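Enquirer: Listed here are the chains, written in short residue letters.
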Amino acid sequence: MPLLKTIRLTKQFGGLVAIDDLDMEVKESSIHSVIGPNGAGKTTLFNCITGFYKPEMGEIDLMGHSLVGLLPDQIVRLGVARTYQNIRLFPALTALENILVGYHTHLKSRFLGIVLGTPHTRREEKEAEEEGLKLLRFVNLAGSGDQLAKNLPYGAQRRLEIARAMATKPKVLLLDEPAAGMNPKESQEMIDFIRHLRDELGITIILIEHQMKVVMGISETVTVLDYGRKIAEGTPSEIQNNPKVIEAYLGSGSAAEAGVTAAG
Amino acid sequence: MVQQEIQRSPWRSALNIGLIGAVALVLLSLIGMVEVFNKRDIVYKILSMGQILLLGTTVFIAYLAAKRGGEDMPAKTIGLAVIAGLTAAAGLALLVAVGKLVNLRDVLINASPVLFMILTFHQGPALGIPLLLLTGMLCGLAAALIYLAPKVISRSLVGALVTVAAAGVLQDTLRPVIGLWGPVSKINRLLFAANGLKVSGAVVLFVLMVVILALWNSKADAVKTRFDSLPAGRQRGLRLGGWLLLAFILLILPHLLGLFLSEVLTIVGLYILLGLGLNIVIGFAGLLDLGYVAFFAVGSYVVAILTSPELGFFNLGFWSALPIVVVAGVLAGLILGVPVLKMRGDYLAIATLGFGEIIRIVVLSDWLRPWIGGAQGIQEIPNITLAGYTFSTPQEIYYFILAGCLLVGFISWRLRDSRLGRAWMAVREDEDVAQAMGINLVATKLMAFATGAGFSALSGAIFATKIGSVYPHSFNIIVSINIVCLIIVGGMGSIPGVIVGSFALVGLPELLREFAEYRMLVYGAALVAMMLLKPEGLWPDVKRRRELHIEENDETDEPAAEPAAAGS
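Those sequence lines, one after another, are chains A and B. Numbered by the working numbering, the letters in the first sequence go through residues 30 to 293 in order. Numbered by the working numbering, the letters in the second sequence go through residues 6 to 573 in order.
FYI, nobody ran anything at the bench for these hints, they're computed from the structure. Computed from a predicted model, the values in this text were never measured in an experiment. Each hint can be trusted.
Once the Cα atoms are required to be at most 30 Å apart in a straight line, the calculated DSS-like pairs of lysine-lysine come out as: (1) 198/A x 548/B; (2) 198/A x 34/A; (3) 179/A x 347/B; (4) 198/A x 214/A; (5) 156/B x 539/B; (6) 347/B x 198/A; (7) 72/B x 179/A; (8) 137/A x 347/B.
Start from the sequences and build out the full structure, keeping to the hints where you can.
Expert: Structure (structure tokens):
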């Protein structure tokens with residue numbers, strides 16, 4: 030049984046069909062990549078799943094709950110967290126505070142309890158801070174907790190953003206180009222890290238990525254979008270040899286030759 | 006060609022800075038500021054406030070030019086500063102020369118003979134103009150030396166000079182206050198002449214301040230290191246001692262300061278209360294609310310309606326009215342909050358601005374006149390009484406406002422480092438992402454509006470009982486703008502910043518009432534300077550060091566820390 034699926038999902042912007050009749054199933058504890066040329070509708074798909082956009086048609090289903098029409102904060106409570114293509118941390122908050130914001134839904138303190146400093150509030154804060162520090166260590170940022178997010182180096186910001194998403198304790202984690210702008214060594218570290226996430230914590234991961242090395246290295250399933258339509262789906266090796274995919278990436282005409290190169 | 010534009014020669018920029026300085030000096034003279042300020046002597050018969058204004062401006066301008074030189078090239082630095090100082094002074098010299106040839110007074114009424122006397126050191130233009138230019142060069146030299154001197158020395162000297170100038174400017178405030186202090190009041194005779202400081206007094210004060218500041222500047226780090234190396238118990242003891250001392254000073258303050266300054270303190274205190282409330286809305290949650298005075302009005306009017314025997318509706322006491330006032334404030338906050346939930350940035354600012362005006366116009370209207378008095382307002386609001394004791398003079402009301410500030414400051418501080426405070430700051434930083442982290446935007450924003458409005462209403466209630474009456478015109482848009490400014494000047498989101506901002510933007514103008522004519526001008530100039538030089542504010546928010554703090558707790562005195570923390 031899939032953890033998350035979309036059924037005939039369609040999202041339009043005026044006349045432009047950004048996602049066209051998309052059926053997709055994501056298995057539990059898998060790493061599922063979504064690839065496609067620029068403007069294929071990958072990020073739009075993420076925005077639909079997380080409630081930033083409301084699709085015109087179709088259904089998004091998380092373990093029997095429909096996500097369509099819910100607000101982003103309701104969806105994250107159901108266990109869907111995400112990162113952004115262009116990193117969107119809270120720049121003027123510290124690294125640890127960024128993570129603590131992620132814990133928001135798991136903390137129960139209310140106004141009065143906070144002002145009075147009740148034992149419950151204190152305990153809860155302390156536990157959250159300790160868990161936050163653990164997460165910082167997990168993403169290799171131990172010791173940077175008190176730095177402002179905007180002062181962290183690029184790679185650290187990427188990892189902090191993932192840690193913040195992890196703090197919401199998601200079942201599904203949507204990563205939007207986590208290896209963008211990284212050199213081969215950093216990309217490899219990111220691949221290891223994502224695999225580690227899934228293996229250690231059993232989180233299902235949906236990945237948008239342009240670097241084929243990353244995609245082919247870690248995905249169990251790859252879905253290929255072009256102009257909002259699904260043109261192929263399968264294991265990395267199936268996708269690499271699929272002529273439709275090659276055509277979408279390189280344009281028609283070059284399909285035959287490219288197919289040969291990819292196969293060889 | 007392109008390179009030339011990018012790497013403009015420092016001599017060119019020194020000249021440009023000097024020209025800007027010249028324009029500033031001429032402007033200060035022609036708007037009459039120099040002449041008005043000149044009536045007050047800083048050092049009796051030697052140095053007037055008007056001269057300080059001109060000298061200070063010139064030194065500042067020359068300092069900016071000196072910075073282009075760099076510390077490793079002293080000759081160049083001095084040259085640049087002198088050029089800037091000379092250019093600035095040349096502006097004034099030109100004004101004097103033109104004033105001699107043409108009667109400027111037909112157009113510029115402040116170009117009076119007195120002004121030219123001041124500008125030429127009472128020597129006439131022939132001798133005055135060379136003197137003026139020489140002074141400009143000396144200002145440049147002084148600025149360069151300040152820039153080149155070791156930081157400890159330059160900071161101490163500048164600090165001491167500023168203290169002497171401040172003592173002279175605030176003489177009318179200081180003299181009566183020092184006069185209250187029994188035997189210590191002898192200082193007055195040592196320090197002050199009929200108008201301004203005595204020469205001996207000024208010198209003594211200057212030397213004393215240089216010594217104190219030099220000690221402070223050079224030893225502060227050493228003291229801090231020693232404090233950090235003390236055992237945890239001693240540290241806690243010393244901190245507690247510090248807090249007790251502060252509490253003691255706060256308690257006896259109105260008796261040290263006398264009636265007038267206590268009155269100023271109460272006004273500053275009310276603005277601190279208001280500022281802390283708006284700081285939650287603007288500083289924490291980033292919602293630019295320009296109609297904040299509305300809640301202040303709600304608080305004032307509700308307390309007036311509930312307690313004033315003139316109206317005779319309820320005749321409640323202050324204490325029974327207070328919870329109703331705060332609830333009314335919170336409700337008003339929610340009423341404003343709901344329609345503007347979807348708005349961001351400038352749109353929110355304009356909508357809230359409108360809300361502030363609506364409240365003022367509603368209380369002014371004839372329609373509600375039978376109940377809340379229209380333009381005549383409501384009088385006879387009784388004083389606050391507590392356990393048979395009436396708070397009526399500023400010195401007594403001070404305690405009440407102090408208690409309010411402490412309470413509201415404490416609540417702000419607790420909220421800042423909590424789930425709620427973090428949610429507010431997340432909304433401020435990036436609303437969409439905050440929502441994607443599970444933050445309910447509606448609840449979080451409404452909470453910010455409601456909390457801020459509650460504090461504002463509390464402040465309004467105290468204001469109404471302090472004055473004893475309420476009028477619609479007290480709730481002008483300027484009050485809102487003032488509070489926004491003091492938050493920005495103090496430092497967005499910073500609790501101590503609100504306090505510093507209130508003293509700087511509300512307290513200081515109260516003390517300098519005789520120059521009220523120039524209040525808005527100085528205010529505007531100060532804001533612009535602030536945004537350019539120190540945009541983070543006078544006392545910016547310092548992030549709590551959690552990571553170290555937690556590890557410290559884990560390792561050392563976990564059981565000991567718990568009861569101490571619970572007691573606070």
